[in-house]
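4 protein chains.
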Amino acid sequence: MTSRADVPAVKAALRSQAVETPSWAYGNSGTRFKVFAQPGVPRTPREKLDDAARVHEHTGAAPSVALHIPWDRVDDYAALAAYAAGLGLRLGAINSNVFQDDDYRLGSVCHPDARVRRKALDHLLECVDIMDATGSRDLKLWFSDGTNYPGQDDVRARQDRLAEALAAVYERLGEGQRMLLEYKFFEPAFYTTDVPDWGTAYAHCLKLGERAQVVVDTGHHAPGTNIEFIVALLLREGRLGGFDFNSRFYADDDLMVGAADPFQLFRIMYEVVRGGGLDGGVAFMLDQCHNVEPKIPAIIRSVMNVQEATAKALLVDREALSAAQEAGDVLAANAVLMDAYDTDVRPLLAELREEAGLDPDPVAAYHRSGWARKITDERVGGTQAGWGA
Amino acid sequence: MTSRADVPAVKAALRSQAVETPSWAYGNSGTRFKVFAQPGVPRTPREKLDDAARVHEHTGAAPSVALHIPWDRVDDYAALAAYAAGLGLRLGAINSNVFQDDDYRLGSVCHPDARVRRKALDHLLECVDIMDATGSRDLKLWFSDGTNYPGQDDVRARQDRLAEALAAVYERLGEGQRMLLEYKFFEPAFYTTDVPDWGTAYAHCLKLGERAQVVVDTGHHAPGTNIEFIVALLLREGRLGGFDFNSRFYADDDLMVGAADPFQLFRIMYEVVRGGGLDGGVAFMLDQCHNVEPKIPAIIRSVMNVQEATAKALLVDREALSAAQEAGDVLAANAVLMDAYDTDVRPLLAELREEAGLDPDPVAAYHRSGWARKITDERVGGTQAGWGA
Amino acid sequence: MTSRADVPAVKAALRSQAVETPSWAYGNSGTRFKVFAQPGVPRTPREKLDDAARVHEHTGAAPSVALHIPWDRVDDYAALAAYAAGLGLRLGAINSNVFQDDDYRLGSVCHPDARVRRKALDHLLECVDIMDATGSRDLKLWFSDGTNYPGQDDVRARQDRLAEALAAVYERLGEGQRMLLEYKFFEPAFYTTDVPDWGTAYAHCLKLGERAQVVVDTGHHAPGTNIEFIVALLLREGRLGGFDFNSRFYADDDLMVGAADPFQLFRIMYEVVRGGGLDGGVAFMLDQCHNVEPKIPAIIRSVMNVQEATAKALLVDREALSAAQEAGDVLAANAVLMDAYDTDVRPLLAELREEAGLDPDPVAAYHRSGWARKITDERVGGTQAGWGA
Amino acid sequence: MTSRADVPAVKAALRSQAVETPSWAYGNSGTRFKVFAQPGVPRTPREKLDDAARVHEHTGAAPSVALHIPWDRVDDYAALAAYAAGLGLRLGAINSNVFQDDDYRLGSVCHPDARVRRKALDHLLECVDIMDATGSRDLKLWFSDGTNYPGQDDVRARQDRLAEALAAVYERLGEGQRMLLEYKFFEPAFYTTDVPDWGTAYAHCLKLGERAQVVVDTGHHAPGTNIEFIVALLLREGRLGGFDFNSRFYADDDLMVGAADPFQLFRIMYEVVRGGGLDGGVAFMLDQCHNVEPKIPAIIRSVMNVQEATAKALLVDREALSAAQEAGDVLAANAVLMDAYDTDVRPLLAELREEAGLDPDPVAAYHRSGWARKITDERVGGTQAGWGA
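Chains as they are written, first to last, in full-length UniProt numbering: chain A, 1 to 389; chain B, 1 to 389; chain C, 1 to 389; chain D, 1 to 389.
Check each hint, because a few of them may be wrong.
Subject to a maximum C-alpha distance of 27 Å in a straight line, what follows is the list of computed DSSO-like cross-link-like pairs (lysine-lysine) [as the list claims (entries may be wrong)]: (1) A/Lys207 x C/Lys207; (2) A/Lys119 x B/Lys34; (3) D/Lys34 x C/Lys34.
Okay, the calculated beta carbon distance ranges per label pair [to be verified]: (4) D/Arg373 x C/Ala133: 43 to 53 Å; (5) A/Gly276 x C/Leu206: 41 to 51 Å; (6) C/Arg118 x D/Arg373: 23 to 33 Å; (7) A/Arg43 x C/Glu326: 39 to 49 Å; (8) B/Gly382 x A/Ala364: 49 to 59 Å; (9) B/Glu355 x C/Glu319: 31 to 41 Å; (10) C/Thr376 x D/Arg373: 47 to 57 Å; (11) B/Val380 x C/Glu326: 22 to 32 Å; (12) A/Glu126 x C/Arg118: 29 to 39 Å; (13) C/Gly276 x A/Gly209: 23 to 33 Å; (14) A/Ala79 x B/Thr383: 33 to 43 Å; (15) A/Ala364 x D/Thr44: 15 to 25 Å.
Quick caveat, the hints were computed from the structure, so don't treat them as lab data. The beta-carbon is built from N, C-alpha and C at its ideal position, and this holds for glycine as well.
Just chain A, same shape as in the assembly (with noise of 0.2 Å):
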């Protein structure tokens, strides 16, 4: 079995990789048919990010939080920025929201009147304005723009106008600033989305230069898609922005990442590491809703099986397999693969924990904190936070 030789440097790049938690995913989150409200669910940003120190806390390797504007709307991004800090926190990624408000029946960007696109574009660009209160990196753009019924509106005169945003969104990125554009297979349009595939995020962004990247979210994909491959391909063409990441069985399901395909994951991270993708260019957000669990530790448990695919990805015998690959020996070189996922790295993070000051079993430290119990306690009244802002 795999040698034991490397950990030191598998140590290393394990110690190195920050997970991004979402703001969102603290808060409420269900279906259309029904929202599941739980107790002790933060009301406020700042709540959210209590949440969000705990979930660092324990696992050492969440330090920043996504943004979603209008969820997380304030008076003061700076002071929210501070608070964050206060905790051992960043501020992360901000998020759009172009679709939820009844103007954006029809689309935000790719909207046919020009009146509608105009609102989503200001909010756009209100967004660029909080990443430089925040110091936030990267704005991430999911559109939920499309159609629903086949003639609804023209498929290419929508790319037009989404070209038309994105390049005023672009030029208003400052410095060190990125735009992460996001793909989706379908949801919430039923017909046409406007951007449905990496190739047309892909496409639009190499239009507007190397500060646009794409952003994988691992359930945004048609029935069957190799991930991995969309991975790969990405890293060799200088374009993945980073991930969002979670599960999924059947669609955009939301669950927690690696929970469905734990073999898939892995296989991702395997690319990620191939490609050079640990450096600091590819961003790990999670991206998930916990709609029947609690929403901490479902949270610890996703950072914690980031890393546990991580490591394995990170334990492939790489000259093993280059070699069977060179040889043409299929077995082999699947053998070296399934070597590194097979083995057990639940001991080895254990003991990353454990030399970084941490309990080693993440889920049950979070559980003996009483955290849970007080929240529930102390968040009583109010508005809890969910989706619908």
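Please arrange chains B, C and D on chain A, whose structure you already have, making use of the hints.
Quick look at chains B, C and D alone, frame taken from chain A:
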């Protein structure tokens, strides 16, 4: 092309076909991302019936309305039935709802906790009480029950619990009442669904008795599933209770029936015709969401789409088809079917409507009627009906 | 319904549309389970052309024939071209084949072994030599390259090898020659495919130059993929080289185009019309397998299906559509499109044929011609053409 | 992590598990595009058994071999059984083949022509004769029957014909013999398949009797289908006859079991364990194609993959799982399952092998044995076995 010789029989069959519209389709709906409110949407069950009466007035083919409990809960169901009768309508299937209470986070009749199961069962039994009051024939059961994560619950124990609840409800059914059991591939559960396919629904119905029948929602299948095959099988087994019609490009998109794949709808209706399903035993119900389009004209259009598909199915030259099939002439057999499909049946249906004293163009007639303006003006204040009860 | 005012323009457009038939569709084909032999199947490239001439004779719309090398290898391609000309045909796209030699077990131009890559490249260059001899404009490249198991080969290295081979071939193209790069979701490779989607093909074409274009095989997508969206995008980018038409219910079923989802074919042709794709730059090719049905009438039917979809697409009232789209009237816009689709265009096409001196019913005319009996009687002995070269 | 306390019971269960290998997996296979020949492939049923004996020698877990008729047709089946016994093997399930004769172009037992149906039925009955001679318990029936085009044949009439044939075969079964009915989503038929899903197979088995059982081929489902749910259901109904194991990323890829989604294989084996399926009533068969990898080590690896998944399934702490499930603790229940899955069971299986006097690493032992070189040297001339009979 298709001989017109059989037109009188085709018209007679079309005149006898009734499409049931769902009360909830007149209210607001949406995705988990946003419910877009529309002006003029009903605020009460009676206002829903008022709208349904417009659909029937213009199509002559939508005489009954399905209710959803608790969305359509009223104090006096007999009075509601009388109100419907006054509009020329009947109350149709009673649809239970055991998915929108916080208690149902982990399921309803399959929930691990007996208290929750009892609560869900009580609701189902209440629905039969309501059927007694409304004179409805059909109880439609859809369970959102399932799990999101491997291990979350015991698949087999959940089947046992499901069987127990179904038996209790079946036992309660009165003379002439039926139970229609719906299946769904996924959503809102994302790992297992307790009734995920026709086979599961069929197996339960078999054990219950003849009045337990399977209902086919055309949006509830895995990608690529041949729905008309299932229809043919269930008719052969005497277990096709009805349809929940809608259409989809991806998952349970709930678009207007016939909008995404009109050829599929035709093939389904062909199997209905072939299997004797136009004789009254199969309920033709719509179950759709009009998220971005106005509801009443969308429902009118949907009724028309069912009629057009049925008309084409009736026009298939069955004798020529059988001859080609028996001769093993693949292209000739396919051509017989396509000949009917390629026929423009809109003139035939226009004629049928005129013979019945209706406008040949129901959508245009609706637009001319001024109803849309009237409800926009009058339905001000109050809470618009929607999925959220 | 659709105004007939634009009929002359529609007819002119239809008269100018040419559908290229593939030589291999006249030979035997099948699945991995069985190739069913059919009587009268051609044994030589010339006999394939003889059959193709029948298709063109009866449809007037299939003037060119694609070749597949080595299946159509002859000593003298100029003589073959002359033979075709004598039949009123042209030789069309040259299709390379780098998947049927034992050397290609692990790939062709992406193979880990440089010797195999060289062999594959030599074949591609030979295909350009053949184009020079036949006067063909298009080189169609489909690579079955990929892997079956995770780890089997390095995804990125394979892209590098692919890029190198494509550049060498592109360099070799003569004046007026184009390279059409095909993508395919899966099969025969079952884990990764080296050109799995339009994005990958597009990215390579971009780097090569303007004469590298993407070809869309309508059976080569993930379930649920919106093909017309891709068509619209590629036309917007000036990168749609052509189609390989066929239809499918599941995977790459290679059924007659329009047989599985005629509405989809119409939507695709609408985007072609909308994007200016009828001007000659887009090649309309068939790529089908007639496993259980007789080949010549199946191909005639396929040509007719393309014509019918095109006719409907041309009948769309573009002005009314734009007006409804700009007004955000979802149902009206959809209705404009559906009005064209629901129109029975068979009379229009019959008229068009009669105006061109053809039988209005090409299939019936073929059956009356006696050709099927003739080839069954005469093509006795020898080896029937098939995929196996 | 998982307590070691239950290891003796786990080992006992593992020792009792037998995996049946298919004779045809030792021969050549491929896709419709190409069958790549491999050196040393068997030319006769006896040579296939010789190879199968190597698999059993190194794993100790593959004592029986399934036959495929006519691919394994011999004059004297009793002699073949004796030959197998001499190698320490048993002959297992008899697999019928009614798809490779030109007569079966439009189906076998569902064919519109009674003559072809009779021919197919005679073959099925012959297979029972062979079972009598070989002492096989199971007759495995897979029908490629279906249609490629809408209208091609009558769906319901085909079901009637199928039922008639199945009844005739069931009637012929001797004491202790079973009929295993396989279903498949699609391929080689591309529109309808006559037994496309478990529901259809189950409905037929119910009517036949208790010895008619459903067999689950893990590659025969629609995308996204939850296979372990079907396994749990069939076990609950007493109708799970066995598995045809393999794995897939897309369709019926027939890759090595456990190669595409090892977590799914674990979940399936967990439901088998949970449902009492390790007691002998469920046949664990492989049905794979080794198109690009050498066959014998691929089969050894596949047997090992089944063992590893079973070992993990057996390690699940059932008591802890039930407790978490009953408490509605989603994350704890999932964690119990994942704990077993994340465990590296390779040391346990190595130990088990050593206790049985086997090499702990079967693949390495096979490579050291020199068998591959021996068969490459000796099996020269003749015709290699393959799917083509």
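Taking the hints in turn, this is what the structure says about them:
no., hint, in the structure
1, A/Lys207 x C/Lys207, "14 Å, holds"
2, A/Lys119 x B/Lys34, "18 Å, holds"
3, D/Lys34 x C/Lys34, "13 Å, holds"
4, D/Arg373 x C/Ala133: 43 to 53 Å, "47 Å, holds"
5, A/Gly276 x C/Leu206: 41 to 51 Å, "23 Å, violated"
6, C/Arg118 x D/Arg373: 23 to 33 Å, "29 Å, holds"
7, A/Arg43 x C/Glu326: 39 to 49 Å, "42 Å, holds"
8, B/Gly382 x A/Ala364: 49 to 59 Å, "51 Å, holds"
9, B/Glu355 x C/Glu319: 31 to 41 Å, "34 Å, holds"
10, C/Thr376 x D/Arg373: 47 to 57 Å, "50 Å, holds"
11, B/Val380 x C/Glu326: 22 to 32 Å, "29 Å, holds"
12, A/Glu126 x C/Arg118: 29 to 39 Å, "56 Å, violated"
13, C/Gly276 x A/Gly209: 23 to 33 Å, "29 Å, holds"
14, A/Ala79 x B/Thr383: 33 to 43 Å, "37 Å, holds"
15, A/Ala364 x D/Thr44: 15 to 25 Å, "60 Å, violated"
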